[in-house]
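Participant: Place chain U on chain F using the hints.
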Amino acid sequence: MTADRPSSETITEARNLYLSFGETPALRGASLTVQRGESVAVMGPSGSGKSTLLHCLAGILVPDEGEVWYDGQRLDTVSDDRRSALRRDRFGFVFQYGQLVPELTAEENVALPLLLSGTRRGPAMEAARAWFPALGLDGLERRRSGELSGGQAQRVALARGLVADPEVLFADEPTGSLDSVAGELVMDLLTAAVRTRGTTVVLVTHDARVAAYADREVIVRDGKVSTLTGAAP
Amino acid sequence: MIPLGLRLVVSGGREAITRLMILTIAVGLGVGLLLTAVAATNAVSTWNGRNAWFWTGSAWAPPSPATGAAPLWWHPSGDTFHSQPIDRFDVAATGASSPVPPGIPRDPAPGQYYASPALVALMRGTPANQLANRYPGHLAGVIDDAALPSPNSLVLIVGRTPAQLAQSPDSIQVTSVSTTVPGDPGNPDREVNPHGLTYMPPNAGAPASASDLILSVVALAILAPVLIFIATATRLSAARREARFAAMRLAGATRAQVSLLAATESTVAGVAGVAAGFGIFFLLRTPVAGIPFIGAPFFPSELSLSLLDVLVVAIGVPVAAAVAARLALHRVRISPLGVARRATPKPPRAWRVVPLLAGLAELGFWAVRGHPASISGQVQAFVSSFALILVGLFIAGPWLTMAAARTLARWTSRPSTLIAARRLGDDPRAAFRAVSGLVLALFITTVAVVAITTQNAKGLTQWGSAAEANVLTDQVSASEQVAQNNGPGANGGTAVPGPAAPAGPLTAQLSRIPGVYGVLVVRADPGLTIPGRFHDLGVNGITGQVSPVPAGVVSCAQLATLPALGRCPAGAMAAAVPADGFNGPLSGIDATTLTWPAANVPAARLATLGVDAIDVGTNGSTPAVEEARTLLESAPYPGRSTPSTISDIVAQDNSTDNDYQQLANVVILVSLPIAGCTLAAGIAAGLADRKRPFSLLRLTGARLATLRRVVALEGAVPLLSVAAVAIGTGFGAAALYASEAEQHPMVAPGAPYYLLTAGGIIVSLGVIAATFPLLQRITGPEAARNE
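Keeping their order, the protein sequence lines are chains F and U. Each residue of the first sequence is one higher than the last, beginning at 4 in my numbering. Each residue of the second sequence is one higher than the last, beginning at 7 in my numbering.
Keep in mind that the hints were calculated from the coordinates and are not lab data. A hint or two may mislead.
Coverage of chain F stretches by chain U, computed from C-beta distances (three or more under 8 Å per stretch; other residues unrestricted) [unchecked claim]:
1) 77-90
2) 119-131
Per label pair, the in silico range of CB-to-CB distance [unchecked claim]:
3) Asn-19(F) <-> Ala-281(U): 55 to 63 Å
4) Arg-261(U) <-> Arg-77(F): 57 to 65 Å
5) Arg-261(U) <-> Ser-183(F): 33 to 41 Å
6) Glu-12(F) <-> Leu-780(U): 39 to 47 Å
7) Gly-121(F) <-> Arg-435(U): 30 to 38 Å
8) Phe-288(U) <-> Gly-149(F): 45 to 53 Å
9) Gly-149(F) <-> Ala-281(U): 51 to 59 Å
Note that CB positions come from ideal geometry on N, CA and C, so glycine has one too.
Isolated chain U, as found in the complex:
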């Protein structure tokens, strides 16, 4: 029976071969995407492992065990170039047995450094006064890929003397290099090394559970449309296949034998699909590796499969195809006298809209009543609302399809609309099933993109004003308030004012950089404060407590060159400003409108005070910002953190969100065309079912354009309406989420979102239009002739 099944597969004519090919493509796409998702999950684990050594010496990583090795002085710090984070580690070996960071043969000697390939390339392509001059010594070698999370990782290991690092407050001795990424970094309660540095690397990695969850949602959003596509493809030429099986039953085949025939055919498609799927996976591997799923691209070799993964897919998919075929055959009763089909399926009931309404009502309730106070309460409230809406859309879809189709059929005078609406209304479950995968993909991506856009917009206003965005701030010392800023690349610690000199020469050098229009040195005046509530400064956002703000002193002549940071009272020579130099705590206040309190510090004394911070006003161009940053980093001040502009901080703050947005774009780009393929397969199957009435309609004078409109409407109406409902609901949910959880009006996403969505829909419509030639062919006069 199996050889007969195999012969039927290949000798069933062009229709059978076409069906086999479409099934193979559908299964191949599914397997290819499944393998890519599995490989991406594997790659995340590898990626995480490669981030682990960045956490060496951190308070959240376990302390080095006593190994007897000579300690290694370890000084991690962050750096930035054109808003790209650079992980920098200054090290000093105290003996031959000192641990060596991964990816380099030995610890660099003082005056040497190792850099990642991407950083080496960046340094070679950038003038030295904008980057390379920041790093002391010469390049000793390139850090091996095995130690880097990503091909574009910017990492630097600088050799120092033990004495140099021993004097630095942010250095620590370690006897081993960390091999795990902390589970909850940044949480003071989760510190496991009391002597560790409260330091967070710019490229911190992510807990595997979080990235696995995100990848699972992405995989589901992409795989759901593919699985529906496979299911729809199996319906192609089902009628002819079932008639053939009925003829076999008449000739004496048992039900089990017919079932085996069907399973053989599906297994062939499954095996061919698996082969195609592995091909698609290997084709996709390199481009997929370039997508920054988790903030950075993967090395293509990391997108790998274990032997178990390969075996499970290679064996599991054909077996699943065979089982599915047997189950599908159970649904139609094939007797020797033909195929007993179910009559028109029962229409879906109105209760199906209840979960959707409940989800919208719950979200509305939180909007009217206000969201829960606690973060966990908010998460619970919004997640449950979104989940209910999402599930509700799935459940209500068939009923909404039926209601819309029936209404349309009842009122339309156009025959094409009438036929299409009746078809959709006849089996709304099948009509909705073809596009249901889109609900998940478009709803999730719309909510994600809108929420991310809103959060990004809020980020800029949270950090500072637009006028301030390109002012480079170097926090030389750390006031108490600065110490609370534990952002990436920042160190906590005690306030130590910088030295008084030589601020003058540095200021002159900075002022000479093209694109720099002003320099402001914030001098330390211990004990000087700005009153609390001075333009909302010193107010604790959570407790509402008000406390004086540590202040520094600036020369009014210098402040006048940087109007973005405010102005002095008329006649004043010096003014008190936040000691941190405007790096963050102004929290969105536009300083251009502020008049700072006058400070009674004579000019002669001002020059003798230590330096708290240096602000450099730039035009925002990369050469100006990076040359100023390089000068500041090379200056003899013990910088507490990387000199940064508000733009840098916002870019880094938003980088993960932007990566997720890119991921959402991928989901849109993949799921829409697949939904188009599903619709096209469904249309092709429907055309085959109606071959005769359609061709007779054509004979009786119905224009081909009318029949084309039927096909277009049957495909385009579900696609466009489901897309509109999913996107609309997504926008609605995101708007409520933004106003409640983010406390910020919803910000509409940028043009790329609309272009991608429109592009995806156009591609889908193009796939549907690809069935038009089929329509023309199968409704030709010869199809209707009585043979």
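So that you can see chain F by itself, here it is in the shape it has in the complex:
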């Protein structure tokens, strides 16, 4: 049954997670605690289970064993609808590529999480547009995803991940498809935005330069988490 409730400083926590895809184990007793306002970089080689861990923390995947806590509540035992609502209202996401809806303009893509939460069109678009100058996207509001460069598209995705003012931002290889200059720009902007707002960040990357933007780094190897820097896992 449930173990001790995490402290109020802990916003999300994975406890001894096991998860297999068919016969292939992805997580084998992975544990990770993330404090409120902290940014944690999850590193590891390909296939180590770092993205799976992030997906479990975000309530996208449910572990076969173990517990996932968010803000003092078990996340792995609640319904899919409840987890969807949490992802929509409390979490933000940035992925590696292909996350923009191709038919929508950049500003509509940014406004999408607000519209999905029931915000009226006018305020949603206004909030979306406010992100463009800060991210160096001025004048690109009406462009479609196919008319943006990779770096621009990723900054639009970042804006979309943050527009609803989430408590936790999950970023899965956010610079994986960018060159180093564009990647640095995205990470600078991401870091600045989350620090200003006090947003918690869980960042999956295999790039040490990207991981360096985080307060703390952990490494996932063979489905288990070990500490590299900062506080204990």
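Facilitator: The following block gives chain U in isolation, referenced to the frame of chain F:
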């Protein structure tokens, strides 16, 4: 390269197999419907040939050549049972070499008759006093199918003596049986046999050109959605296919080799589709044969294909598929570095609405200014307006789709509506293409159904009042006015009053039939007329000339039993009424309100006068009407035409229209689900294109219901809006057509039209909903994980 292409087709995984199967189904449906249309056209030719002998002795059929054969006395006449027409031919051979009608081994001897299988079955299932007693003698055999246009044809060949038919004014001697259907029957200028009978059989056949045209329109209305379905199906998993081709280019394949690979894949689908199509054709053959495309069902064996038809389809379709695949590949440039795609297509321009507006303006012009006076002018005006509207709908469709989608996207707060509207507005041509086939199908069927309903409603008012509808009228003699009635089954000729006796016993017999409430005998009084303009009688509708109406005399006591036919002046013993006995020329006047002029004929003299007509008031039930009809036909009066009720005449008048209406229903039922399939294929292709963003949206908390709404809107909005526009325009065009060409307010079609349309739309929406599980599957968490 071809073996490699074949291996790729079968080893491309579940997606490739699914694509192949959908393409096969689409091509199979198209080929099946194409083969059915070709076979139906062949069947019409056969059907027409089988109607030809009904025209023997007619003024519009060539006279019999001098063959040296002994002449055959030939007396064609029409009959009716429960509003179904019966072709009856009384014949008398004058020698062993007399011609024999097709389908029977020899001419029937006096006292014998041959009947078609359907008529034999009808006679066996009906009390003799309602049908079989009309025909003298006994059944000698069944007419072979080879002589019948349709399995449900009611045909009778009765044997007579030459002397019997020689006395009949509507008999003729022939030395051969007609083998062609006249091109323009009924037209006095097209009579080719001056001695022929001005007779038109109830089952007259149709000129091949007319039925071919109708079948072509029907085939087009059904095939257009199928072709669009095939085109859409080819887009399924296009992105993955093109990526595969790009990888091959990188490995050194030339452009021609890649093109050959694509053609091989399409040819496999084409061949499989042709095989499926022949299967669908053979499955459809029997049910399709039962659809009365041209007024009667076909024999299933008549829906056949010639060797040439089979070869053209079996070879032509795969070849066309291969050519289409090569052409399609030309549109995307596949380089070793990937697929160079066009950016967002250029938006359609506003000029596209001009033809539609021009068509509506032209129709409006005729509505305001009044239609042309001549029939040909009317046809030209309405056909050109409808054609312009139809073409205009096709051309304007993408622009209207874009305008509506952009407006929706600009104002909506719902993310599902926003995504769907942006998708539709992004490539409105593709969005509209998926449902464009519906425009043709729904516009044509709506106009046809509304026009037919209006014409049918007008038919009843044209022929008589509702109160009169079930009065059975037997025109015993033919007045001048009756002779002008050259409807099916009617003979032209001179007026010959019937004999005076024995009307009394017949009247008594008729009165005893359950369901008969009154009998009126119209007696001939040569020279007696009703003044012209007496309640619009005697007015020529075209020239406006007024002439006295030939009248007969009726007993006021008898007229009182049939209030539907009017009444006598107070105190009168006899009254003058139209000599034809109310069979048609009252032209919609409700006789119940009429007071006929008194006639100064004493009762004693009335009984001595010849009989012009007999009217029998019935409750409209089949037993009452048919028993009365059988008695009248068996009576010793030389009937000039089949005793008929207004209901019979209206039913026969409307039968062809009703058949076309059924055809329209078939088009609706087939085209709507096919359009649904097209939309579903388009949606599936679109989902595959957006697999990643959609699955990521789901991961970020978007409800599956929201994504379902996107899919539903992308499919349902074009379907419903195009259906609404096509149906609305169809109603508008039909309303203008009704008021101008028919001079009658538009009459809305009955419930079956709405039920069929709604049913078709629901089936289409169901097909679209069938993509929901696909959405759920391809947007699952595993689809978005970074592998």
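Participant: Hint compliance check: list the failing hint numbers for this structure, sorted ascending.
Facilitator: Structure breaks hint 9 only.
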